[in-house]
Every structure is written in structure tokens, then in C-alpha cells.
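Undergrad: The primary structure of each chain is shown beneath.
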Amino acid sequence: MAKKRTKKHNKKSGLAPGSVIYTGDKSDKNLFIEVFDYNKDQCIEKELHSIEEAFDFKLTDCVSWININGLNHVDAIERLGTHFSLHPLVIEDLVSISQRPKIDEYEDYLFVVLKMLYLDAEEKVNYEQVSFILGPNYVLSFQESEGDVFGSVRERIRLGKGRVRTMQSDYLLYILMDAIVDEYFSVIETLGDKIEDLETDIFEGSIEESATKVIQELKKEVLKVRRSIFPLREVINRIEKHESELIQQRTKTYYRDIYDHLIQVTENIDIYREMIWSLMDMYMTTISNKMNEVMKVLTIMASIFIPLTFIAGIYGMNFEYIPELHYKYSYFILWGVMIVLFIGMLIYFKRRKWL
Amino acid sequence: MAKKRTKKHNKKSGLAPGSVIYTGDKSDKNLFIEVFDYNKDQCIEKELHSIEEAFDFKLTDCVSWININGLNHVDAIERLGTHFSLHPLVIEDLVSISQRPKIDEYEDYLFVVLKMLYLDAEEKVNYEQVSFILGPNYVLSFQESEGDVFGSVRERIRLGKGRVRTMQSDYLLYILMDAIVDEYFSVIETLGDKIEDLETDIFEGSIEESATKVIQELKKEVLKVRRSIFPLREVINRIEKHESELIQQRTKTYYRDIYDHLIQVTENIDIYREMIWSLMDMYMTTISNKMNEVMKVLTIMASIFIPLTFIAGIYGMNFEYIPELHYKYSYFILWGVMIVLFIGMLIYFKRRKWL
Amino acid sequence: MAKKRTKKHNKKSGLAPGSVIYTGDKSDKNLFIEVFDYNKDQCIEKELHSIEEAFDFKLTDCVSWININGLNHVDAIERLGTHFSLHPLVIEDLVSISQRPKIDEYEDYLFVVLKMLYLDAEEKVNYEQVSFILGPNYVLSFQESEGDVFGSVRERIRLGKGRVRTMQSDYLLYILMDAIVDEYFSVIETLGDKIEDLETDIFEGSIEESATKVIQELKKEVLKVRRSIFPLREVINRIEKHESELIQQRTKTYYRDIYDHLIQVTENIDIYREMIWSLMDMYMTTISNKMNEVMKVLTIMASIFIPLTFIAGIYGMNFEYIPELHYKYSYFILWGVMIVLFIGMLIYFKRRKWL
Amino acid sequence: MAKKRTKKHNKKSGLAPGSVIYTGDKSDKNLFIEVFDYNKDQCIEKELHSIEEAFDFKLTDCVSWININGLNHVDAIERLGTHFSLHPLVIEDLVSISQRPKIDEYEDYLFVVLKMLYLDAEEKVNYEQVSFILGPNYVLSFQESEGDVFGSVRERIRLGKGRVRTMQSDYLLYILMDAIVDEYFSVIETLGDKIEDLETDIFEGSIEESATKVIQELKKEVLKVRRSIFPLREVINRIEKHESELIQQRTKTYYRDIYDHLIQVTENIDIYREMIWSLMDMYMTTISNKMNEVMKVLTIMASIFIPLTFIAGIYGMNFEYIPELHYKYSYFILWGVMIVLFIGMLIYFKRRKWL
Amino acid sequence: MAKKRTKKHNKKSGLAPGSVIYTGDKSDKNLFIEVFDYNKDQCIEKELHSIEEAFDFKLTDCVSWININGLNHVDAIERLGTHFSLHPLVIEDLVSISQRPKIDEYEDYLFVVLKMLYLDAEEKVNYEQVSFILGPNYVLSFQESEGDVFGSVRERIRLGKGRVRTMQSDYLLYILMDAIVDEYFSVIETLGDKIEDLETDIFEGSIEESATKVIQELKKEVLKVRRSIFPLREVINRIEKHESELIQQRTKTYYRDIYDHLIQVTENIDIYREMIWSLMDMYMTTISNKMNEVMKVLTIMASIFIPLTFIAGIYGMNFEYIPELHYKYSYFILWGVMIVLFIGMLIYFKRRKWL
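Residue numbers (my numbering), protein chains in the order written: chain A, 1 to 355; chain B, 1 to 355; chain C, 1 to 355; chain D, 1 to 355; chain E, 1 to 355.
Don't read these hints as lab results, they were simulated from the structure.
Treat identical chains as interchangeable: a pair holds within one or across any two.
Derived DSS-like pairs: lysine-lysine, alpha-carbon spacing no greater than 30 angstroms straight-line: (1) K241 x K102; (2) K350 x K213; (3) K194 x K353; (4) K26 x K161; (5) K46 x K26; (6) K26 x K194; (7) K213 x K353; (8) K241 x K58.
What you are looking at is a predicted structure, and each value in this text was computed from that prediction instead of being measured.
Whole structure, please, built from the sequences with the hints as guidance.
TA: Listed below in C-alpha cells is the structure:
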């Protein structure tokens, strides 16, 4: 998948920096824009039909959350960017979905990029890039397509639950990011479950040849999740240290809270990573143990019957003068000898704990 | 277990930040509140029946230790928090038991979260979250349930042993944290014993197939203990550097002492961690050595008897003209040849040190 | 190849520092010089026939890009360097192709060295050293030979696309470096593909003995690419922090953008590196699994037929008194016994999941 | 042994911090106190019979070295500590032998704890804690028991060799610590010898099953030595940066010298550590090589004789019509065929380099 | 060899710090002193017969390079040191050859210690300690014995090539150190070649049992070279940041150049280190692959002939009633059956790709 991502990047190579080009897969999505415009007393929720309708919300006294879905509509996004006086590189990054989580601090707005992780129906991890522009009294959010983890945020704004309606745009950005980080917990919990399942399977020997493949896939997934989440710590850190009107002092405590959650997530990821690395070793010892079993069976069978066969071979020889052949009870005595040898062998292997 | 923890976290996803919800398992515990209120001259020890009784202790001249057990009683804790003017996020964190050890510095109190580790009857490590609020002349402590490592602290306050009765609340917090850190030593000592036992078992070959499982379990335990203890170093460090009336200069020497203990604990943990990693390698060589043994037995048996059987086979053939068959001493000569071969083989294997 | 590089270096050992000697392979290349001299209104593009023609461009008001190909022409480069008042060590470094990416800040120019990576027809990674001198209104670039990744840059200057014609020389340097960094994505993407192909081959068992060799080669390639790219981050960082007229404040945002790309590239490289390291482990388990298969076949064959052969051997003995030999149905009964044994064995191995 | 150490620690759990309790094993040692009191012109050397005799040396104009052996005599040490105005925690740490090397800076004295390492008769590493109190004109040293590495220091003071008699107490502390660090070299040299011996043994195959055990023991020893020595670097560093009358500027050069020695020691330790880690891999390949040898012998024997035995079996069959049986030279021809097969096999295995 | 080094150190343990004692092996070397005294206009080159003759060069206006070979002549070196007012510890370090590369900055001179590495005739790495004293207009260099890498430096001073004759003593020190660092490239190049040769040998299976030994030796050599070179980076760094008349601003650019070379050297060393670590893994897979081959041969032989031998055994039985024995074509039919079985087996193994 790294392959895919870089290919997307390559769509742009050779172009002038600042060229605004959508680099994702979802090029047939509709443009979906919703706006929440609220203060302590009221809350307007609206779906917009053209990007131009969003322009007015820049200047309202209320806090506005303008949520744009559909990064393939680059023209609309470019027009919006120009209206909100965004730097050309910001507009370029908005639609270039291979960004690493980062924050760019401009004079009158902050530009934050991060990854929204969520599980689809088959428990596969999905990655979607979400960008935020935090202005004095608005937050713009940009997603590739509809569908997100912000359901509870919408609910809280509508119903005025919690503090959100009494706070500024920096608090709005906080609850949006908090919703994303909360989802990280589910994702890594699922990864953890998969690792533990795999561990159990290896112990019980239920998977065989494909084990290395499954381990390798899990390893890659963990590395990818890690790469999507780790840089966010630095982003939050920068927000906490940001010195301007955009982030108020009292809100920083909340960002500190996200930071603590992120540390927890990343610590878990690193523990899972260590676990996966040792899975391969575990699998290796499992294989070796099995081979040991196989070898023991072979050795026991061969060690018991090869000498007996030799003895039988002796008396199958056609020499004229073999005195034992003519003795009447030879055959029965031989059986006795063989049975004694057989039992002796069994005892020997029992003592060595091979049986 | 990481799974469990994150599940607890998820109880909260989708809720407004600041929602005060207990995230632990122990939801049927009674609320148990005890208070120690003391100065140089006197010491009052009391069990409270409602949270409201604790409110008055905020203002006494004496140092007060209010110990609240039962985080499932969120209402009571919320009322207490409001009375003591705690930040909403602090109240939220108090009852959310998946916290990482941390310190939050507020204007007139410190909020410290850490993990109390202790061994249960089966020598399993138990983790319980303990939070402290350090105010000008009080310490609030919050535990999930009754039962803790503070027995000696209570004794010392009651009897006025040591310096505790002549010092302020910062010293009280110190002896509480010191009691917790002291317990860490027992816990990691037990872990160390388990590792050494496992090591011995592997050397002596007493455990077999389950070894990887036991190693993996120990690895996880060490990683979990590590995660519970490591961040505490940063917490103590922050207390030492804290600049306010809450932590007096003369007490900082004592916190430095805890810090030194913590460094010792964490160094031990890291050594155990390295030990465990090499256990898997050791186990692997043990397996290989065993397979070598098995292979040698097989090779010796096969190498000795296969050629002898071949010779017996030769004289079992039914050709009409095999001159040896008719010679009188053939059979005995053949036995001689076989015995010589047999002994020769034994000498050969002896020389190669396979016997 | 490290060998080759150091050998190149050795060409110089024993010489006075500052000796200007070309250390590369391509000693028969022509000197090819091209100039772009442009401002907002016009753009002159010219191929020069002697290095002296380039001297005048130092003083034009326009921004000049002088691109020199053919580092073997040390005399010409030395003359150019002297005319542009370059430090002797800079001139030495220009033609010494074993440089690490670095930046040297002089009073009135910056000297930047980096590696241009591109893939040749066989998808092999090629490394070419490119040096830049950034002066107040000119950029000198030095390459070993013609052929580069600057095609799109030329196009943009010619046609006045993007901002380039309205910006200063620092922006020109930026788009040149951006073109190089963009190419890194293709290179590491190809490396990533090779690693994934190898992974698939190992899983499917299509490559055998040579696998370690291929893995080792890939490992070396990744380490070499890493070494060529990693130091560049520090270079860009230093440009961003550079305090002089040469780098304007508004251009720094653009360098920040390159920096972000570099972080992405280097993160990918590190993930690939981890992947390669685990490939060897994967290959090892694959081998062990195969050996297990081989052993099982041997054990099954031997365990089934060795006892049966023993039984046949018994009745091949020539004792005079073996009662069974004379019983009429002995032979058929024996067949029955053998078939029962055979089937019993099969069931046993089936149960152990060896079949 | 980590176990033992923590057990010692636990002797104290539950006690008030500051409780002065000896945590070591050597509880039956006599108290042995010696004093050196010297200046440029004279030197008094004395053995004291009670701790109180030492009190006067605090105020003499000469430099005094008071060396106390026998940490089990806690009362005496407590009285001494009180007389020299030591902080309660310092007195506690003096007799608690599980300290990590550390320095505590107090207003008018420095408290330094480190580990004295020396080899006993069986070349085992012994660890003894040594604490120093550096005052304006005295050094107090505390050891568990008599016997140390300070012989040369005493000699130098007595005879006035070197600079010691003309320098202050900070120089005395330096030569004491220097004597300890010098001994580290012998200790790690011996560890290095053990590692190289083990390496040779593994190469030559002289040790077998116990190799993992020996490797693991060495690993632990190296880790323990490392832990005893590493923190000392920080201690020396702090002394060098210490700003007070206690450490004079001209003495710091000497501490720098100890620091350089310590870096050498720790670098060697880290190299030994890496060596040990690779020993296990080496041992593993040795085992695998041996198994290869065993397998080759088995395969050669089986591959040669199994087909020959088959041929003999063919002509041991009792079919009535086997034409070859009646031909006169069959037996001899068969021998020829078998010998050809045998030699062919040998050549084949020779070519594969198995012989 | 670490052993040897520490033994040397131990020669000194128990001695007063500052004791000037030669710790190397070469105690029978002659004292060889040469002087270069030069300025722009002239150059005197002289071999001195006693150390006292060197004293005058301290005060000449010219730049003087006094090169002393033969550290066993400690008296002479001590007299020289005293004349040049060197600190006692410096004189001690000059003749103690187990120093780590370091720089000590004194008020009117710099003391630099580093390791000269060069290859002897058998391509073994030789280590010789070289110390420099950089004074206002002189450089003292100290070597254990004659023979060094300074040939080109002498030539350049004699002939006035390059800038050396017009520069101060700091530039002289630079070209001396540059000569040493240039030699590092040859040394690590040779190490690199050895590693690649070993790699090829392992791939081709040409070395066998001794491979681990060779790998381990190489690993040690790389670690030793690394330890000799790494600390030098810090030394050069300190020279660059040194603030005094001794190092002129314009010379620092040159030291920067050495620094860049050192980074290149150390990066190569680290890559070689990683390569060596993976050699052991490679060797392990090679062994396993070989064992697989051996096992396949055994399994094929056994699987084919054991069943056939069983069949032959059946008809070797002496039952009176075996109907097949009397049927005329039985023997030939049996051969047919056996050949079919044989071919079937071959096809089976072909399909499994074992043949």
C-alpha cells in the first residue's frame, strides 16, 4: 500500500509546486458541505449546495464549523481557500491525501492535517485524511468523502451538551480531534485482539504455513498505524505551545488531555509491535518442536525394528552349517530374545522421556 | 489485558469530554471514606459516612488526609470535586482508571495519578489506580476499592513516628508515594524470581512445549509493569521542579530520594526485560540440542545395523552357486566379521564424541 | 560499491587539501553548459561554449541559472569558481563526487551538495552528485554528466508557469531541489515493490538458495539510499534557519514543504528497512517448514514399512521348527495382519495431522 | 542476585523514611576506624577505638581522611552523622547498601555513593558499596567491611608521594575514587578474558549443553557490572560542574581524567555486551553444523546400503522360476554390480562434498 | 586485544596519578626527533639528537613542527613537557598509549590524542596512538615509533606546496590530522572488502565450520576501529568551537572539512557493522539449506527402497502355501510392479520439486 501512496504522489511529479491536484482514489464523490453556526443561544445547522454559500460564515460572530466532503472537487476548494486567504501550499496540501500529520502555523489561522482511522465491516483498518483550518471564529474541515466519526460532536452542538456552545473555535477543534483520537483506541484494540488470536493459534498449532504471512501482514499494519498516529503527538504539542489569540489559555488543558491519550495509544502500539516481533520467534520454536516430535517417532521406530530385522536376517541365511537352525526350540527362544529387546528399547526411550 | 483497558476507555467514546464516568470493573464497591486530621499536637482519625462530611476538612489548620475508596460512586466524587474547586478534566480523570501516571499542575493544587502495584495470593501482579490531590493543607487520595499499601503510613501518623506530624501536606504526599514505590520492589523481585525459575526450568529441560507460552506471558507482564512505572519518573521530576508554595524546598530532598528508588526499579525492569528476550534464544538452543541427541541415536542405530543386515541379506540369497554357503565355518566367520564391524562402528562414534 | 567510492577518495590521499581533482568515473564527458536568465518579463535560454561566457551572468539583474555538466573539466570549474569567489574547499568539493549531502554557509553564497537518485532502464538505482551554489541572483548547478530530473523546471521557466519567474534565486533553488526530492518517491516506491515481490516469492517458495543473496542485496541498496537521503533533512533544516538576504522569509514555507516530503521518504525507507530485516526470518521459517515436510515423508515411509519388513523377515528364517510355516492359511492371515497394521499406521499419522 | 538486593531493600518497607537501618549481609563485622590527618609538613595516622574520637578531626586545619568500616554499627554512624550535621536521608543512605552510584550536593558537603568492584580468589566479581562525605577539610569514607583498594592511597599520604599532601580534601577524594576506577579495569579485563575463553570453547566444541547457561551467567554479570559503573559517569560530571568552595578549579582537571577512564571502561563493557549477545548465535550455528554432520553420516550409510539390501532381498525370494538363480556366475556378477554401485555412491557423495 | 590494552593500563594501577609511565609494548625503540621550522620564505628540516635541542624552537617566529618518536623515552618527554609548561596529566597521557581520542583545552595550548590506523603487509589493521600539542607557533607530535602517514605533509612543507607555508600552526595541525583521517578510508575500505569476500564465500559455500570464527573476528575488528574513530568527531567539533587565538577563524572551515570526512567514515563503519550482523543469519540459512538437501537425499532413497525391500521380503518367506511362488511369471510380474512403483516415486518427488 506504500506503493499506492507513492504512486499518488507521483501523479504530481513534474508539476509546479503549489499545483492543486487531488491525489486520492475517490474521484467520483459528490461535494457535500454542511455548516454548524452556533453560539450560546442558538445553533444553525445547514447543508450547503455550493461552496460560495460558505463564504459568509467567515464573518459571523458565531462559531462556524464548515465541513467539506469530497476532495476531488478541487475547484471549489481552491475558491474557498482563496476566499479564506489560505496560502497556496495549504490549498495544495488540502487535496493531496498523502500528507503526514502536521501543523502549519500561519498568521491568522492554523492548518492541521491528521489521519482518521476507523474499522470497516471486515475489521480492516481504513485511513482517511482529515484537514482542519482553525480561524478566529471558524473551523473548516476537509474529508475525502462523507462518513466520519463526528456523530457525537454534531449531537453535542445541536443539543448544547457540555461546554461546546459556550466556547470558541479552538474548543470546537479540540472536540473534533478528540473524537478522532478516541477512535484510535478501538482500532488498536482490534489490532491487539488480532495479535492475541494469532498468538493463541500459534501456541495451539492451528495455523501452519501461512503463519509467517499473517505475522508479516500484521507487522505492516501496525507499522502503518504507528506512522499515522505518531506524528500527531508533535502536532498537539505545537498547539499547546502556540502563542496567539487562536488558542486560548484555558483550552490548552484540553489539548493536554488529548496528548495524554495519544501517549497511551502510542505506548500500546509499541507494545504490540514488540509482541509481533516475538511472534516470529515463537512460531520458529513451534516448528522446531514439531520437527523434534517427528524425529522422535522416526528414531523410535527405526531403533526398535532395525536390530530385530537384522536378527531375523541372520537366520534367513542359507549356510549349510548353522547349528541353531536345527535346534527344536530355537524359534521360540528367538521370539523371546526379540521381545526382551523390544521391551528394553521401550524402557530406554521412556527413560529419555521420548515416549 | 490491553484489550480490557481499551474497552473501558471505549465506554466513553462519543461522550462529551469532561463526562464523569467510572471506567473500571469494580462497580459494586461501597464508598469508604477515612480522614486523618493532624498536627504536631493531635491527630483525629475518623471514618466518614457521607462525602459531605469531608468538606469541612478543606479549611482546618491541621493537615488532612482524606482517603476515598470506591470510584464507582461518581456522584459523590463529583460533589467533592466541585467543593474543592477541581477542574472538570481532573474529576473526569479521577474516575477513569485507564490513566497513565501523570501530574497536572493547577494554580492551587497538584493532581497526581499513579499505579499501585501489589501481589495477590497467587503471586499475580494487581494494578490499581491511585490519584492524589495535593492542596495547601490537605491530601485527597482516590482508590478503586479498600485495601492498599498505606498501613505503615497510618501507623506513623497515629503514633507520630518520624517527621510526619511536624511536616506539611507535601510531606504526607511523599510518604504515601514512597509506600507505593517501596511495594514496587517486591513486585519486580517476584518477577525476577519467576524469570530465574523459568531459566532453570529451561536449562534442566523440565518444561517443554509450553515454554514459549510462559516466556510470552512473562514478557507481557514485564512490559505492563514497565509501562505502569516508567512515567512516574517524569512525575517525580516535575514535582521536584515545581515552583509554588505547595512543595516546600526542604521536602524536595525527599522526593529526590523516591526518584533514586524509581531509577533502581526501572533499571531492574530493563535488565529483566533483556533476560526474557534471551530466554527464547536459550529455549531454541535447548530444542536444537535435543534434536541433535535424537538424531545421534537414530544415526548410530542405523549406521550399525543397516550394513549388518545387508550382509545377512547377501547370504539369504538363493543362488545355486554361492561357494561360502557350503564351507563349514562360514557361519562363525561371518559372526566374527559382524562383531568386528559392530565394534569398529562403536569406536568410530566414540571418537566423534557421539557416545 | 562502498569499495569503489572509497577508492575514489583514495585518488586524493596524500595530496594537499584543496587540490581540485575529479574523483568520479565519467572522465570522458563533454562540458555542457546551459544558462537560463530570466525575470518577470523575459527569459533567455542559451547553451554556452566556454566557461568564460558564464562569467557575465553573475552581475545581471535577472535571476540566472547556470547549469554545468561534466565535472571532469576541472580547469573550467576552477576558473568559474575563482570568478565567483568560491572558497578553495568548495571548488575541491564540487568535483569530488563522494560527498555526503551537506550545506556550507558562506558570507555571500550557500553551497549545497546532494544526491540525485533515479532509476535506469533495468530499474537499478543510479546516484549522481549534484551541487548548487546559491548567490544573490544566480544559482550554479554542477552535475557529472548531462541528463537530469530538471525537465519540468526548464519548462516552467520557459513558459513562466507558476511563480518561478516572479521570484528570486532562492525560489529557483527550491524548485530544483523539489524536483530531486520528488524523484526520490519513485525510487523508494520501486524498492518497496521489489521487497514485496521478494516477500511473495518467499511465501510461495519460488526462490530458493539465492534468497539470502537477494535479501542481502536489497538490504544494501536500502542502506545506501538511506545514506544518500537522510542527511538532506539536516540540510533543508539549516536552509530554513538560515539568516541572511539569500533566503527570503516567504520562501522558507516552501522549504518547509520539501522537509515534510523528506520526512515521508525517510519514514518509508525505515519501514522498508524493517521489512527487509524480517524477510530473513521469514525465509528461515520457510526453510524449516520445508524440512518438516521432508522429515514427515521419511518418517511415515519408514514407520510403516520397517515393521512390516521385520515381520516378513521373521518368516524368511530357516529354522526347522516354525509351526506357522506349515499351516495352510498362514500366508493369507499374515497379509491380513500387515494390512491392518498399515491402515492403523495411516490412521495414527492422520490423527497427528502429518497427512 | 537482583533478588537478594531487593530483599535487602524490603527489610525497610513499611518503615518511616529516614529510618537508619543496615540492609547488608555483613552484620557481624567489627567497627574499624582509621584516620589520616595531614598537611604539607606532617601526617598523623591513627586507628580509633570509638566513633567519638573522630569528632575532633572535623575542625583541624589539616586535611582529615576518616575511614569507617562496618556499616552494621548504625548507632555509631548515626552519632557521627549528627556531629557532622548530615541530612537524615544521607545517614539513611550510608547504611543502606543497595544504593545506585549517585551524588547529593548539600550546602557544606557533598555525598557520593559508588560501588567498589574487585575480584576474589575464584575470579568472581565482588561488589561493595563505598560512600564518601566531602567536607571543607575532611573526607569521610564508609565501607561495609575492612579490605579495600586504597592501599596505594595510604602509602602516598604516608610518604608524601605525588601532590596529595599539598592539596585539599577535594584532591583526596579524587585519588580515592581514582583508585576505585583503576580497579574497574582489572574487573572488566577478567570478564573480557572469560568471554574470549568461552568463544574459543564454543568454536572448538569443548563445551556442550551447559554453554547457554554459561553465556547467560556472563550476560548477567556484564549487565550487573554495567549497572554499577554507568551511573558513575553522571556523578563525576556533576562534580566537575559543581560550583562551590568544596571543589577547586584546579582539581577539576583531575576529575576530568577519571571521567575519561570511565568512558573507556564503559565502552569496553558495551563491546563485551555485544560480544556476548553474538555468542548465543555462534553457539546455535555450531549446533546446526553438528547436526548437519550427523545427518550426513546417516544419509550416506542409508543411501549406500538400503539399495544394496534391496538387491540382496530380490534374490532371497523363493519364486520357483527365477532364471538368474541357476546361472553359475550370478553370485559373482551380483557382487560386481554391488561394488560398482557402492563406489558410484561414494563418488557421488564425494562430489557433493559430504565426505 | 582488549585484554592487552587493559593490562597495559594496569601497569599503572596503584601509582600516584600523574606518574609518567610508558604503557605500550615498544620499549626498545630509539628516540627519533625531527623538526620542521618554516615560514613563507624558508624551511629548516633537522634531525635532533637530544630532546634539549628542541627547546629553542618554542620561541622562534617560524612555525615549528617537532615530531617525537619513541614514547618509551619517558625522561626526555618529561623534560620536554616541563619546558613547554605542560600540565602533569598531559605528560602522563602522552606516554600512556591506551587513551581514547580526546581533546583537552588548556590556556595556552591544546592537547589532542587520536589513533593512527594503517594496514600492515598482511592487511591487518595496526593502531598507533598519536598525540599533538598545539601551541601558538608550534605543533608537537608524539608517536610510539618511527613510521607514519605524514610523508605527504613533509613533502608539502619542504616544497611549499599548497597553503601550508603561509599559514599558522593551527593549519599545520589540520593537515597532520587530515593525513590520518585520509588513511582511515583505506582501512575501512579493506574491512569492507573482507566483509564482501566473506559474504561471497558464504553464498558459494566455500567456507564451512570456520565461518562463525571469521565473522566474529571481523565483528571485533569493526567494533575496535569504530571505537578508535568515533570519539574523534567530538574532538574535531570541540576544535571548531574553540574560542582562542590558537585556532583562527579561517582555519575552522578546514576542520569542518575533516569533520565531514569523519562522518562519511563513521557512516560506512556503521553500515559494515549492520552487514556483519546479518552475515551470521545468512550463514545460518546456508546451513539449514544444506541440511535440507541432505534430508531430501535420505528421504528419497529411503522412501523408494524401503517399500521395495518389503515386497522382496514377502516373497522370501518360507510358508509352504504361497500360491504366487509357483506361478511361472511371478518373478517378472514382480519386477514390473517394482519398476512401476519406482517410477511413481520419482514422479512424486519431481512434483514436490525435491529432485
